[in-house]
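Asker: Chains Y and S, in that order, are what the protein sequence lines are. Per my numbering, the very first residue in the first sequence carries number 1; after that it's consecutive. Per my numbering, the very first residue in the second sequence carries number 1; after that it's consecutive.
No lab work stands behind these hints: they were computed from the structure. Think of the CB as a built atom: it goes at the ideal place given N, C-alpha and C, for glycine as much as any other residue. You can take every hint at face value.
Chain S is faced by these chain Y residues, among others (derived, beta-carbon under 8 Å):
1) 17
2) 312
3) 315
4) 317
5) 318
6) 319
7) 324
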Amino acid sequence: MFNSDRWSEIFQTIRKNPLRTALSGFTVALGIFIFIILFGLGNGLKNTFKEFFLDDATNAIFLFAGKTTKPYRGFKANRRIEFENDDLEAIKRDFSFYLESITPRITRGAIVKYKTESNSYTTRAVAPAHQQIEKNIMMQGRYINARDIDLSTKVAVIGRLVAEDLFKNEDPMGQIIDINSIAFKVVGVFQDEGGDNEERYIYIPYTTRQRIEGGTDKLDQINITFRPELGHTGGLAFEKSLKRYFKDKKDISPSDPAGIYIRNVNDQLKQNQQFAGVLQMIVTFVGLGTLIAGIIGISNIMVFVVKERTKELGIRKALGASPYSIIAMILQESIFITMLSGYLGLILGVVTLNNLGNSLEDYFIKNPYVDMSTALIATFILILFGGIAGYLPALRAARIKPIIALRDE
Amino acid sequence: MIKIKELHKSYKTGKSSLHVLKGIDFEVEPGELVAIMGSSGSGKSTLLNILGMLDVADTGIYELDGVPIENLDEKKAAQYRNQFLGFVFQSFNLINYKTALENVALPLYYQGVKRKERREIALDYLSRVGLADWATHLPSELSGGQKQRVAIARAMASNPKVLLADEPTGALDTTTSYEVMDLIQKINDEGRTILVVTHEPDIAQMCKRIVHLKDGTIEKDSRVEQVKALPHV
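Only chain Y is shown next, with the shape it has when bound in the complex (with noise of 0.2 Å):
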């Protein structure tokens, strides 16, 4: 393998026969390419998938409240359904043995202002354990707390890009802002790992929001956590007695669909962990047929390859060459060529998942990359399959008889 003769004398057949080192390095640059890139794009889907569920708790339920479609118990089909202040406690009584924890959310669209900057957000009434069910993580200060609910304080907690507008590199927390020319304290800065739209949001205390809206008790949405350990059988059954429960209780029909709508979350998250799952054994289908072509791909390159130097073989069997000095010649060229072209192919693949970054988001795709043991593993295996693939016609390029090989046509 060290023998610096031999690859002198096998960098002299690469340097000399540039067209048969440019094939058979093609098929393995290709090769190992097309795995990178299809490896990568299908991440790119996997990305996506996830990341409609990074910005809620997996235990999350959402309860909406709609029209409804039937007439029942006296009362006339398409009436609006409303969550109260009551919903709530009736919840944290009845459902006790499930609830993790629970909040309401009114979310209503507001001008906020700061100095000379003004901007149009969306603000979300909430209570404490919304920081929770939204993955809120705080950069500054704290969130909504118990104490704004029992008093309805005008204090905001903002989102990172909502700093970011209004303050530029001023220090947001203590300031005043204006919201729909309502004074707001800054008490909190958080980001969240959903993506910009849900760093945009304003948060204030639900009783606050109710109180300027002149002293109702209404709610547009309740979210709910259960307990984790109840995992997703419970949380279907809670899902179903929550429905039950609301449909009696706001005077639904039973079986009207409309009314009351309900959101679970970790029934949605398994459904599309099974589509990922489908999705993820396409990939790797794929790139397997990949590596397989390409590996087919060399072995046809190496048989054409002995073909054509059989003379050439022959003439060095003849001055005095072995056998296993023919094999090693041949299987370290094929070795060294598959492994400098498999390398190129997969810089190559990688450079270009990179520069694709998020330019294929409309497609779903997302961040397309592959993780280089991936990547190594199958350029490991490309070379190794390339190198028994060799191993035959180098078998047979050792095989070949002098006499026949320099026959003359």
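Position chain S relative to chain Y; hints supplied.
Answerer: Structure of chain S alone, referenced to chain Y:
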């Protein structure tokens, strides 16, 4: 130098078997220059291939420089070829992407000679065939006669006991043929044993002994008055 006894060789083609060599006995002393003649199909190339260990006889004894050549595996054959024999072919068989010098140095590579030494020896043999100035040229840049001289230099480079030439002038015009024969005669004059397979009588006359093969047996084996090639060049 060469001793063969009762050499038989047949080739199987499908069901029928072609008996090519039907019991050849002959000996070659050191320093001889032997022409092997015969029409095509007489078995002369087969005999040369067996002598060159490129092919194996079915039965019979073959001794080369006192070493019995038998039970050859590929590795041993390669080693013996490298050690005992130099080949010159009709179609030169130079490696087309190697320079004249590298071609001549190739048998030395398989002998394990160091690179620097290889170059020196190869250059020495190239200058002996008068091609030192062409050392860095590729075979495609050489004329037929020059190619054959490079091939002869290559055959000589490993300092073999016997030089085997299979129709060395077959692809050359008359003048060039005589140049090559002149070179072969000079090498022979230095004491090298040489076997030349040819079907051209004038080439055979330039050797010291002519063996006529016919239908796989030796028809005639006679010493001849050697015609020197030089005056004809």
